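One rule links them: number in the working numbering = place in the sequence shown (from 1) + 2.
There may be inaccurate statements among the hints.
Claimed, not checked - Here are the simulated DSSO-like pairs of lysine-lysine, each with C-alpha atoms no more than 30 Å apart in a straight line:
hint, residue 1, residue 2
1, Lys415, Lys292
2, Lys292, Lys308
3, Lys922, Lys906
4, Lys1142, Lys306
5, Lys98, Lys306
6, Lys379, Lys282
7, Lys308, Lys430
8, Lys1142, Lys292
9, Lys1142, Lys906
10, Lys98, Lys430
11, Lys906, Lys98
Unchecked claim - Label-pair restraints from in silico Cβ distances:
hint, residue 1, residue 2, range
12, Glu56, Arg1078, 40 to 46 Å
13, Thr397, Pro861, 49 to 55 Å
14, Val734, His262, 37 to 43 Å
15, Pro693, Ser81, 58 to 64 Å
16, Gln391, Asn898, 42 to 48 Å
17, Pro693, Phe1139, 42 to 48 Å
18, Thr786, Thr1024, 27 to 33 Å
19, Asn898, Lys308, 50 to 56 Å
20, Arg1093, Asp1035, 55 to 61 Å
In short, the hints are calculated from the structure, not lab data. These numbers were taken from a predicted model, which means no experiment stands behind them. In this text, a Cβ means the ideal position worked out from N, Cα and C, and glycines have one as well.
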Amino acid sequence: MLTLSRCTTVVTLISALAVTAMYGQAPGTGAINGRVFDAARLPIVNAQIFVVNESTHTSRIVATTAEGFFSAPLLTPGSYSVTVQQPGFEGKEAQKILVAVGEITSLAFTLSVAQHHETVQVNADVELVQAQSATLGRSVDDRAIQALPLANRNFTQILSLSPGVIVSLPDATTLGRGTQNVATNGNKTTANNIQFNGIDANNLSQNSAESDGEEVGVAVPAPDSIQEFKVQTANYDATYGRGTGANVDLVSKAGTNQFHGSAWEFIRNDIFNANTFFLKRSGQPRPVLKQNQFGVSLGGPIFKDKTFFFAAYQGLRSSNGLGNTSTVFLPQLTSDRSAATLGAEFCSSGPTNAGGTQLACDGSNINPVALKLLNFKFSNGQFAVPAPQILLPETPGQTPIGQSTFSIPATYKEDQFTGNLDQTIAAKDQVMARFFYSHAPTIQPFSSNAANLPGWGTNELDQNAMLVLGYTHVFNSNMVNLARFGYMRFDGIASIAAPISTADIGTQSPLGVSSTNVTAPYISVNGLFIVGAITPFQDQVTNTFVWQNTLSMTSGRHSLRIGVEAKHHQVMVNPPFGIAGAIETRTFNDFLLGQSAAQNGSPNGLSNVQLSNGASGIFRRDERYNDLAAFVQDDIRLSSRVSIFAGIRYEIFGAPTEENGRLAIFDPSIASPTAPPSGTFSGFAVTNNFPGAIPDGVLRLNRNGLWPNNYFNISPRIGFAVRLTDRPTILVRGGYGIYFDRLSAGLVENLVNQPPFALTQTLSDAQNGAATEQQPFNPILPPTSSYPIFMPRVPGGAQSLFQVDPNVTDPYTQEYNLNIQSSFARDYLFEVGYVGTRSLHIPGGVEFNQALLASPQHPINGETTNTVANITNRLPFDGVSTGSIIFQTRFPSNFNSLQTSLTKRISHGLQFLAGYTWSKSMDETSGTGGSEVFEEWLLSNDQNNPRQAYGPTDFDRTHRFVFSLVYQTPSFSSAPRLTRNILGNWQASAIAVAQSGSALTILDSNAGLVYGNFENRAQRPTSNPLTPGSVYDRALGHYLDANAFPSAPMAPNGVTASDTDFGNSSTGFLRGPGQRNLDLALERSFPIFERMTFHFRTEFFNITNTPNFANPNNNLSSGQAFGTITGTSNNPRIIQFAGKILF
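Assemble the whole structure, with the sequences as input and the hints as a guide.
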């Protein structure tokens, strides 16, 4: 086990050995390098280079090498002056040299023989080509961050401007931060690494930038408090690790020798907005959207040239109905909901899924639970299951349905604070401190794991805290050291309203309790409405401690870096998944009956309740993780035209341990397939620190970690840059590297409802034959006080297991690229190249207890046929339910792309970036709608043959074009006053996106029934599955034609048509609707005093009001809901006004 004390010891030893040659930039810093020549282009040796921060006057002195090369590493991003002096030559000074985070600014000086003793100021010609690195990516300064129209004033939207980045359109109606999860060069959205001033800012609990319920995402500082950030999309050097996707390095603003500050307010009001496509269609009014985002910032000196501060506050108040819309298909109910009326209306709506007894037309056999739920009214007099707002055309033999769209304002309130200090102790010693805190309570009317009808709102509270301390020491002109400490805290809690109790409708909880104090289960009618919540409350806290040290020195042609990093993560989770229980029926008539197989006489032994899921136990876990990394990077200048960048990184991602020994697994690889009548514990294992005795048959592991640590995460990285020509400058770059990905704590979170500390019971189809709506959970589960409970596997039993393979390993990606850069017309850079990745050991879920196929030649437990009714007798493991999942790291992915971009550096007031990506991303675990937050990408169809699921990833988009622009009009200072007032001081900015639709897999819950799996694909269509007409016409009806898809075929040796085999359609063989969007901002500045201006700004998000539709319902068993589109992927036209004072 990798303990914190061992991490500290290793870091100390490596740091002691690290006083060797090293150079470059560490996370959160940049560098300046260059060469000094005489008039004959010969290198000048030992020239003195003075590098001065123009804002704080902190300075660095370096000297040129025998090759005339100099380097000033580990610089704080900002504006610098560079002065070159050498006896016998004229001195030269270049001013306003911008140092960007994660980048090396390259300069060249030619010195003339001195005629006078003076220093000549020159305009530095900073080249656009990136000859100092093979990394793909770009830096974004505060001008672009504040100028571009960001839908939620969130820096993560700018990540999507880079080629190779795939993401859906930004949604200005998103409540709160609106953080975007991006997929970079074929890597999952959880593979990105975001750093705050050089320190890991990711929540290990999920590895996701975006928040999800109690899982708090990355902090989002106000744009006015961000100095700049760097987005590295591929082949970054050995300095960076932890993830295989994008590496994002965000740097906070700092104080300077001059006081500067700002005050701002951004305002939205629904009176300026367009209505959404579906609300307008259903005749609903424009939703409420009232938002105020306001703040102040101030920075300056405490002691000139010594001590500097920067502070900022931002508040956000939002009441938002746009981002909280639910479109639901409902049966054609009226206010008369008597049994007789319901029976008369729905008895001809086709057979139930269970078969056997059908709904009586007089309603005499309607289940009392269904009747009570349909008649339940809230305190405001409205039905919990309302009548539809609009009726849809009826189809003979199917439930008559309608559609409703609900828009209920959600509220969000955030207060965030930034505080930064910088201190120059001496010429060679500087310290800095960076602090951020946010507090954000939210009330949401709808959530992902609760009802799609009003009444089950969620209260959430998200809190972020970040602290970074840094110390820079200059040993001499060639050696610099940077040490950092960081602390990150993520604190989230979510609770869901429970307006209906088990007693209100006459049902029971998983513990068999019917009481006014116990919430009713989550009840889902497939393709129609959902009421209740699976998990009424959850909370999660992550604390991350980081120690870093980086040394840097130049030596001859070599620029070397060496560094070490240690992390300690504390993750507390308390997600009582499933304690309220969940039940699902396949049709509305099944819901109305709610009978067991014995009551309805189903020929296949099916209850009308197709699925019942419930849990009980001890759910809190206190997890600990310890990580260690070390790297060496050598940048070698072979000549003035050729550079090689070689590095190696070593990382240990510690396996999870639990403070109270509450980790246990089921390992199919050691489990006996059969169980005696008395039961068996074969296959179950606990960690070494499990408290107390264990039954015979349970294995006690020889470690406290859930899986063994991987000590072989060695990442070699190599890159090159070759300058082919100078005018125009043409540069060829390329690289190859291996990158390891840190698995999230979400894997362990999947185990919290597993034995012996909790039990989850999921019964479906024939296994759930005893369920009724009065008693949906059979058998009932033990109370919390009974745990830990070791439950043996018994023949005919059905423990629902969500497990993690004890042999998981760290995913890794091989990245490779080759590209050409050409700069021309001084300010333009064109880049074109190939980028590819191949990933191995990606996590994914396998339903490991898939039923085997029997035949007369190969009977299984006496069974020679394959039916839904005899699944239990054909399971590989006795006592384990179908649908049980084990998460393994065994899956691959591939990505290939052509990436191009055209960049214009700011000149004459104009800067822009155009990027195009033509790509293909493939894997084996897409198409099932799994949750990336918990590493839950699930395999579809045959679980024993992953290759059959190989296809486009969920986020695959063949074409993506993005264009961003900022233009500042001339001041017209010499023009007439009228011209100056009308045309001067304007700024326009825009972001335009056009991209293909994402991959779409067609599922069928009625396919593969003889295997007992949940994730099955439909049969291949026999005609064009796309309906005719424009995308708008199809969104009004059906985007996909269900009649194009035949029913799933009968399985080999099946008996009835219900004994179905897998469908043979491919993963991702269709595409959802394409997307295009244009956001625009206009800004005018007005001078107030000499150093103070007022800026009025108007932003238009989706200025053309183009509806971009979400993917359609893709489950063929959803009845009339299949193929319909019920939402849009981004906002209608939203207008935002802003006022800002700058000084």
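Going through the numbered hints above, which ones does this structure break? Give me the numbers in ascending order. Structure breaks hints 2, 13, 17, 18.
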